[in-house]
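K.L.:
For the record, the sequence lines run as chains A and B. Reminder that position 126 of the first sequence reads as 125 in numbering that gives the first Met the number 0, one-by-one numbering, no gaps. Reminder that position 319 of the second sequence reads as 318 in numbering that gives the first Met the number 0, one-by-one numbering, no gaps.
In short, the hints are calculated from the structure, not lab data. Because the structure is a prediction, the values reported are computed rather than measured. The beta-carbon is built from N, C-alpha and C at its ideal position, and this holds for glycine as well. Heads up, some of the hints might be wrong.
Some chain A residues close to chain B (C-beta under 10 Å, calculated; not the full set) [claimed, not checked]:
| # | residue |
| --- | --- |
| 1 | R25 |
| 2 | R27 |
| 3 | G48 |
| 4 | F72 |
| 5 | M75 |
| 6 | M85 |
| 7 | E196 |
Below are the chains, spelled out letter by letter.
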Amino acid sequence: MLRIDSLAKRFGDVVALDDCSFEVSRGRMLGFLGPNGAGKTTTMRTIFGLVEPDAGSVTWDGEPIDAGSRRRFGYMPEERGLYPRMKILEQVAYMGRLHGMGAGEARESAATWIERFGLADRAEDQLETLSHGNQQRVQLAAALVHDPELLVLDEPFSGLDPIAADTMSEILINEAREGKAVVFSSHQLDVVEDLCEDVAIINNGSIVVRGVVQDLKDAAPIRHLEIELDGNVDEVLDGTDGIRHTSRQGDIHTAVIDAGTDVRTLFAKAQRTGQVRHFTYTTPSLTDLFREAVK
Amino acid sequence: MTAWHSIRLVAAREIKERGRSKPFLITSVITALLVIGIIVLPGFFSDDTETYQIGSVGSGNRQIIQTAVALGNANDEEDAPPSIEIEEVEFSTREQAEEALADGDVDVVLVDGTELIVEREGGVFADTGPVGLLQQGAGAITLESIIAESGEPAEAVIEAMTSESLETTFLVESDDDTDVASVVAYFGLLLLYMAIILYGTWILTGVTEEKSNRVVEVIISTIRPWQLLAGKIIGIGTLALIQFGGTILIAFVGIQVFGEFDIPSIPPESLINLIIWFILGFLLYSVLFGAAGSLVGRVEDAQSAAMPMTIFSVIGFFAGFAVLNDADGFVALLTTFVPFTAPFTVPIRVSLNAIPFWQYLLSVGITLAAIYLAIRVAGRIYAGGILRTGKRTKLREAWRSG
Numbered sequence: 000m001l002r003i004d005s006l007a008k009r010f011g012d013v014v015a016l017d018d019c020s021f022e023v024s025r026g027r028m029l030g031f032l033g034p035n036g037a038g039k040t041t042t043m044r045t046i047f048g049l050v051e052p053d054a055g056s057v058t059w060d061g062e063p064i065d066a067g068s069r070r071r072f073g074y075m076p077e078e079r080g081l082y083p084r085m086k087i088l089e090q091v092a093y094m095g096r097l098h099g100m101g102a103g104e105a106r107e108s109a110a111t112w113i114e115r116f117g118l119a120d121r122a123e124d125q126l127e128t129l130s131h132g133n134q135q136r137v138q139l140a141a142a143l144v145h146d147p148e149l150l151v152l153d154e155p156f157s158g159l160d161p162i163a164a165d166t167m168s169e170i171l172i173n174e175a176r177e178g179k180a181v182v183f184s185s186h187q188l189d190v191v192e193d194l195c196e197d198v199a200i201i202n203n204g205s206i207v208v209r210g211v212v213q214d215l216k217d218a219a220p221i222r223h224l225e226i227e228l229d230g231n232v233d234e235v236l237d238g239t240d241g242i243r244h245t246s247r248q249g250d251i252h253t254a255v256i257d258a259g260t261d262v263r264t265l266f267a268k269a270q271r272t273g274q275v276r277h278f279t280y281t282t283p284s285l286t287d288l289f290r291e292a293v294k
Numbered sequence: 000m001t002a003w004h005s006i007r008l009v010a011a012r013e014i015k016e017r018g019r020s021k022p023f024l025i026t027s028v029i030t031a032l033l034v035i036g037i038i039v040l041p042g043f044f045s046d047d048t049e050t051y052q053i054g055s056v057g058s059g060n061r062q063i064i065q066t067a068v069a070l071g072n073a074n075d076e077e078d079a080p081p082s083i084e085i086e087e088v089e090f091s092t093r094e095q096a097e098e099a100l101a102d103g104d105v106d107v108v109l110v111d112g113t114e115l116i117v118e119r120e121g122g123v124f125a126d127t128g129p130v131g132l133l134q135q136g137a138g139a140i141t142l143e144s145i146i147a148e149s150g151e152p153a154e155a156v157i158e159a160m161t162s163e164s165l166e167t168t169f170l171v172e173s174d175d176d177t178d179v180a181s182v183v184a185y186f187g188l189l190l191l192y193m194a195i196i197l198y199g200t201w202i203l204t205g206v207t208e209e210k211s212n213r214v215v216e217v218i219i220s221t222i223r224p225w226q227l228l229a230g231k232i233i234g235i236g237t238l239a240l241i242q243f244g245g246t247i248l249i250a251f252v253g254i255q256v257f258g259e260f261d262i263p264s265i266p267p268e269s270l271i272n273l274i275i276w277f278i279l280g281f282l283l284y285s286v287l288f289g290a291a292g293s294l295v296g297r298v299e300d301a302q303s304a305a306m307p308m309t310i311f312s313v314i315g316f317f318a319g320f321a322v323l324n325d326a327d328g329f330v331a332l333l334t335t336f337v338p339f340t341a342p343f344t345v346p347i348r349v350s351l352n353a354i355p356f357w358q359y360l361l362s363v364g365i366t367l368a369a370i371y372l373a374i375r376v377a378g379r380i381y382a383g384g385i386l387r388t389g390k391r392t393k394l395r396e397a398w399r400s401g
């Protein structure tokens, strides 16, 4: 289990991290969310010793992380980068060797991953001859080649087309199912909502929400409301207590409301206003939770 | 996995990838061709006879021309073709001859054995070439006629003019060993300087590679920054030495096969001494270039970062010349104990038998200490500046965050 405990880090006058704590268990996938500049990349870099925290600790299975344990981690940094002129197979194998694999073992594993990503016929090509999407796959292969126990991915979905994003999702689900601890950061909240059981939201360097996604939704003091009707929806919502946030997409009006709001009264009011076509009352989406947490 | 294992992985990748890259292969072929060219080409030209076209108007020119040819070839070896030949081109009028001179058809015009017409006055080489030879020839004839009464033949006059007439006494007689030693020391100096100038920028730009393609973050999540730096310096340095050594080998074989001169046999202890100091010097400068590379994020900034090392090596190079002339002087003593200059001057002092053993040992110690210190400093700068891509890192910032 990866435990990040009370991390703090300042860069000059800028507070990057302030009491950042969360955990990732084996076999689980954690979505690490936060606005730009909230401290996601700094936290991930701390795991790999690229940033030395001012306070707090990072442990793996209860032990402080050292060079030995780091070789059993896989990392895909936000700044993607590999050697442009190096052949794909050799490149991935080299990453395996840096993680302590033997030459033959590394080459074999690299070949397996490259084949799995459908790049077997490009194995002897230089990286720079590949499309952007394929380069991303090689980058992921470089993070997976040594069969890591912990996988840390910074924005793995950024810049991927929907098909490539689906492939990425499948791989991550599979890795978690095989017993790896997986943590990734993302801005695509819908992706995280689909993939992750666990979530941690960071804002201004502090973790503001963490836990199991479903539990968080159930326990949240807010609910998600969608209404579509022949008439003015504003008339329904105006004068109702506990409306936190409204928005509109086409004819569907969305509102985030306090969990204690009387829905029956609201529904009756809607019916009086016009013909109701669509009315849903659900636990909040991850996006709602995120907005509430970082506003 | 030990530190050494990581360093070896990095160095091996460097040698393999760089060694088969186009730039490396192309520069290797070009330097090899260049060296072969420098050795082989002079052979084609050196045996050539210089031919002058002399315009001739009137009579009394032939004797001067013949004497000039004899003077020009007086120092030739017996079997060799003559150094100069003169073709006499006769003109019936002075005007025709001047026209031919202006058109460049003849080099100079001789009139009636008493007058020279030269195209242009002045110039650095005015008194050499055909003009000088003809003047000497005419002078010799005049001299001959003056001496004729004494009964000496013309050949004796020419002999007297071209030989060394004075007996020479040397205070210090030539010692073959010392001569060879200074030639060897001179070449050692030149080779070290060339290696630093040629390959220093390889290391400097090579060290920026991981930062500019951003692969550095993945790599230093597994191995320590100093291990990456050390591996890069060892890898690129080894490759540089392979190319450099190969070029020297080609030059050596080329000189044996085609060369005009023989390579003196080098005393083994002198050679070992040269190799030791070449490696010490190359290592020290490589680490310094590596440290400079740690500070720059982009290849474009590399030149300015290389400046200090370039200046140090130029100082070392010229100090080497000073020490060749005066191997026990103040410059020799001072530069022996400065690590940047010791690799240039100490091997010279050793070759000339001009360094006490304690100074030699102290100098090796100081240089080794400097290399160690440079590695530590470079490693820390590298670690500190490693995640700062883009603009050049300030030395102080890199040191602090290292």
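K.L.:
Is the interface hint for A:M75 satisfied, with its Cβ closer than 10 Å to some Cβ of chain B?
P.N.:
This hint holds: A:M75 lies near chain B, its Cβ roughly 8 Å from the closest one there, short of 10 Å.
K.L.:
Should the interface hint for A:G48 be scored as holding, given a Cβ-Cβ cut-off of 10 Å against chain B?
P.N.:
holds, 7 Å
K.L.:
Are A:E196 and chain B close enough, Cβ to Cβ, to be under 10 Å, as the hint says?
P.N.:
violated, 26 Å
K.L.:
Let me know if the C-beta of A:M85 comes in closer than 10 Å to any C-beta of chain B, holds or violated.
P.N.:
holds, 6 Å
K.L.:
Against chain B, is A:R27 within 10 Å by beta-carbon distance?
P.N.:
violated, 22 Å
K.L.:
Does the closest beta carbon of chain B sit nearer than 10 Å to the beta carbon of A:F72?
P.N.:
holds, 7 Å
K.L.:
Does A:R25 pass the interface hint, meaning its C-beta sits closer than 10 Å to a C-beta of chain B?
P.N.:
With a closest approach of 20 Å, the A:R25 hint is violated.
The structure fails hints 1, 2, 7 (numbered hints given earlier, in ascending order).
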